[in-house]
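Each chain, letter by letter, is given below.
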Amino acid sequence: MRSSRPPPAPDPGRPRILILFCLLLGALGLITTKLFALQVTGHRGLSERAHRQYQRLVPLTSKRGSITDRNGRDLAASLRVSSVFAQPAAVEDPARAARALAGALGLPAREILGKLRSDRPFVWIRRRVEPDVAEAVVRLSLRGVGLLPESRRYYPRQELAAHLLGFVGLDDRGLEGLEFQYDTLLGGQPRWVTAQQDARGRIVFRTEEADGPPGYDLILTIDEVLQYVTERELQAAVEKSEARGGTAIILDPHTGEILALANVPTFNPNRYQEAESFARRDRAVTDAFEPGSVFKVFLAAGALEERVVQPQDRIYGENGAIQLGGLTIRDHEKYGWLTVADVIAQSSNVGAIKIGLRLGKTLYYNYLSGFGFGSATGVDLPGETPGLIRRPRHWSAVSLGALSIGQEVSVSPLQVATAVAAVANGGSLVRPFVGKALRSADGQVVRETAPLVLRRVISTETAHRLTDILERVVLEGTGKAAAVEGYAVAGKTGTAQKLEPATGRYSHGKVLASFVGFVPARAPRLCILVMIDEPKKLMWGGAIAAPTFREIAREALLYLKIPPAQGEQVRLARQVALHAARHVD
Amino acid sequence: MTDMVSTPLADRAGALPHPGAASRFEAVPSLVVGLLLLLGVLFYVWQHIQVVRTGYEIERLRQERAALVQRNREMTLEIGQLTSLRRVEEVARKRLGMVRPGPGQVILVP
Numbered sequence: 000m001r002s003s004r005p006p007p008a009p010d011p012g013r014p015r016i017l018i019l020f021c022l023l024l025g026a027l028g029l030i031t032t033k034l035f036a037l038q039v040t041g042h043r044g045l046s047e048r049a050h051r052q053y054q055r056l057v058p059l060t061s062k063r064g065s066i067t068d069r070n071g072r073d074l075a076a077s078l079r080v081s082s083v084f085a086q087p088a089a090v091e092d093p094a095r096a097a098r099a100l101a102g103a104l105g106l107p108a109r110e111i112l113g114k115l116r117s118d119r120p121f122v123w124i125r126r127r128v129e130p131d132v133a134e135a136v137v138r139l140s141l142r143g144v145g146l147l148p149e150s151r152r153y154y155p156r157q158e159l160a161a162h163l164l165g166f167v168g169l170d171d172r173g174l175e176g177l178e179f180q181y182d183t184l185l186g187g188q189p190r191w192v193t194a195q196q197d198a199r200g201r202i203v204f205r206t207e208e209a210d211g212p213p214g215y216d217l218i219l220t221i222d223e224v225l226q227y228v229t230e231r232e233l234q235a236a237v238e239k240s241e242a243r244g245g246t247a248i249i250l251d252p253h254t255g256e257i258l259a260l261a262n263v264p265t266f267n268p269n270r271y272q273e274a275e276s277f278a279r280r281d282r283a284v285t286d287a288f289e290p291g292s293v294f295k296v297f298l299a300a301g302a303l304e305e306r307v308v309q310p311q312d313r314i315y316g317e318n319g320a321i322q323l324g325g326l327t328i329r330d331h332e333k334y335g336w337l338t339v340a341d342v343i344a345q346s347s348n349v350g351a352i353k354i355g356l357r358l359g360k361t362l363y364y365n366y367l368s369g370f371g372f373g374s375a376t377g378v379d380l381p382g383e384t385p386g387l388i389r390r391p392r393h394w395s396a397v398s399l400g401a402l403s404i405g406q407e408v409s410v411s412p413l414q415v416a417t418a419v420a421a422v423a424n425g426g427s428l429v430r431p432f433v434g435k436a437l438r439s440a441d442g443q444v445v446r447e448t449a450p451l452v453l454r455r456v457i458s459t460e461t462a463h464r465l466t467d468i469l470e471r472v473v474l475e476g477t478g479k480a481a482a483v484e485g486y487a488v489a490g491k492t493g494t495a496q497k498l499e500p501a502t503g504r505y506s507h508g509k510v511l512a513s514f515v516g517f518v519p520a521r522a523p524r525l526c527i528l529v530m531i532d533e534p535k536k537l538m539w540g541g542a543i544a545a546p547t548f549r550e551i552a553r554e555a556l557l558y559l560k561i562p563p564a565q566g567e568q569v570r571l572a573r574q575v576a577l578h579a580a581r582h583v584d
Numbered sequence: 000m001t002d003m004v005s006t007p008l009a010d011r012a013g014a015l016p017h018p019g020a021a022s023r024f025e026a027v028p029s030l031v032v033g034l035l036l037l038l039g040v041l042f043y044v045w046q047h048i049q050v051v052r053t054g055y056e057i058e059r060l061r062q063e064r065a066a067l068v069q070r071n072r073e074m075t076l077e078i079g080q081l082t083s084l085r086r087v088e089e090v091a092r093k094r095l096g097m098v099r100p101g102p103g104q105v106i107l108v109p
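If you read the sequences in order, they're chains A and B. Taking numbering that gives the first Met the number 0, I'd label the letters of the first sequence as residues 0 to 584. Taking numbering that gives the first Met the number 0, I'd label the letters of the second sequence as residues 0 to 109.
None of these hints come from the bench; they were simulated from the model. Just so you know, even glycine gets a beta-carbon here, dropped at the ideal spot from N, CA and C. Check each hint, because a few of them may be wrong.
Unchecked claim - List time: in silico DSS-like cross-link candidates among lysine-lysine, alpha-carbon distance up to 30 Å: (1) 435/A / 333/A; (2) 93/B / 560/A; (3) 239/A / 509/A; (4) 239/A / 497/A; (5) 497/A / 360/A; (6) 535/A / 497/A; (7) 435/A / 479/A; (8) 239/A / 93/B; (9) 536/A / 93/B.
Unchecked claim - Sample of chain B residues at the chain A side, in silico, Cβ under 8 Å: (10) 76; (11) 80; (12) 102.
To be verified - Looking from chain B toward chain A, a few residues come up when the C-beta cut is under 8 Å (computed): (13) 48; (14) 69; (15) 71; (16) 72; (17) 79; (18) 85; (19) 89; (20) 103; (21) 104; (22) 105; (23) 107.
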């Protein structure tokens, strides 16, 4: 039996399956093509894009090193603050954003709107804002507006040592003073590091620390207490004499360390923009003056060293007037016969000119150069003037006489102090300096400044003989007001008439009153210079600069616990014992 | 992954009820493998989440530390400002009525 089966009827669904299969195949082909495009041909660009999305560059601000006095007291330090910036292209609604930012920053909305509509890719809205302001900006959550960390410099002691410290600009770079001089060492190295962020821009991973490598801390030779006393007494002297300004310096005569340096008028480095340039200039270093009679110290040093005079040699004072190249130079009193020591003690111009004539041009010039006049001292402060002293071949007939009384020469206050320090320390010129050491963030001292003796200018014997003479200036001469009870003081007064720029003649009303000396005279610890510029009252060095020296010296000696002379100590002890005995009775 | 493992089990229990011991343990190896795979995947995900979470925590602590360091610096500077000698002298003179010792009133004892 044959079984017959009907031929299978054509499956009506088959073409549809075929079509579906083709469609699926086509779709698969499209997907494969797209995948190929994404994974192979576009791989590099896309992976870079992804990289950019989940990685972000983070600025590492480096902390600027602090500046401290010799005892570690902070004089300048940095704080991290935030600055508000915008990327104008990314800001969605500039007008609304400007209004919101104006409220948070306290700036006019129009000013902010102008910045937000800028063509530039990046604009600062406000730099170095307070922490609460920064938080307010964060809370606004404005697209295209952000905060960047920056550093802000603070000077906690306000005006103290302002001229030495200087200040930094908006970009955290030093502009004046030690901030400028040591800028590369104080400032750290700002860097950028890569961090991973999530979809909301929050940092997930960062391999680096929160800060970049910090700068070195700078330790100064300055002593805060001595600096304060110097500034206070100088300010009082300038006010008392109604002067235009003043300068005072304390040096360690043996090492050249500057223990204090002050100028009046001064300024607050936290608000340096508000100060005039005259007040901001470190005039102790940058300005040169005709020194006047304090220069007789160096004339006497040369003359004693060359043995052209002896302290007891007698010189006729010409009754207070001498003719020199057609000019009459007068003394403040009509002197007759004076010893060389008296010439210096009484500050006789006639006597000094006669000593200068005996010493001669070349030798005098050599000594002045030896004491450092006409060349920079090499102090680590910016803008130092070398002063001006012409070579002997350019001197006129009156030059030797004029130079003998401190005219026809310009010197900086620091040069005078350094030169007198050479007399104080026994005849060696030392380089003054203010940067004592550099310390790294981990507390290691990486560099220390060693005292540097530049040269020997006079012998120790001459220095001692000159010290005797300078002691007489204070004991019985023009510098009596500089005497400090219990201590031997050596020094010299000076009252220099200033040149009128308009007429080129010496002014009768404008003088530079000065006193420079050292204490204790026999074992000097402090060399102090005081210069009062254009006092309207008390116009003599002995009347205003000498008492200021005394006040500074008295407090400095007490602070440094430098005991008085031996005999004086016994006298004071007896006084105390007597007082105690009376109290018991 | 859980569905892939549970579906054959459900089939065996309902549609193909073979009570023999061999068939009962037939699915055990694949079940164990599947479970291990699942655990592996879960561990990987957990680890990843932990790393991310720790990253956030480190960043938060870093910011907290930076804020504290900043506050410390601010306070040090504030101390510096309050102990400036100008201010100390002013307080001593005006508020406490102190005066500077005159000459001879201070004797240094060596």
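Hint by hint, here is what the structure shows:
1. 435/A / 333/A: 49 Å, violated
2. 93/B / 560/A: Holds. Residue 93/B to residue 560/A sits at ~27 Å (cutoff 30 Å).
3. 239/A / 509/A: It holds: about 16 Å lies between the C-alpha atoms, which stays within 30 Å.
4. 239/A / 497/A: With a Cα-Cα distance of about 20 Å, the restraint between residue 239/A and residue 497/A holds, given a limit of 30 Å.
5. 497/A / 360/A: Distance of about 24 Å is within 30 Å: holds.
6. 535/A / 497/A: 13 Å, holds
7. 435/A / 479/A: 35 Å, violated
8. 239/A / 93/B: Status holds; Cα separation ~21 Å.
9. 536/A / 93/B: 29 Å, holds
10. 76: 5 Å, holds
11. 80: 5 Å, holds
12. 102: Holds, because the Cβ-Cβ distance from residue 102/B to chain A comes to roughly 5 Å (cut-off 8 Å).
13. 48: 12 Å, violated
14. 69: 6 Å, holds
15. 71: 10 Å, violated
16. 72: 5 Å, holds
17. 79: This hint holds: residue 79/B lies near chain A, its Cβ roughly 3 Å from the closest one there, short of 8 Å.
18. 85: With a closest approach of 7 Å, the residue 85/B hint holds.
19. 89: Hint violated; residue 89/B Cβ to chain A Cβ min 11 Å, cut 8 Å.
20. 103: 7 Å, holds
21. 104: At 10 Å from the nearest chain A Cβ, residue 104/B fails the 8 Å test, so the hint is violated.
22. 105: 6 Å, holds
23. 107: Since chain A brings a Cβ to about 5 Å from residue 107/B, closer than 8 Å, the hint holds.
Taken one by one, the earlier hints fail for this structure at numbers 1, 7, 13, 15, 19 and 21, listed in ascending order.
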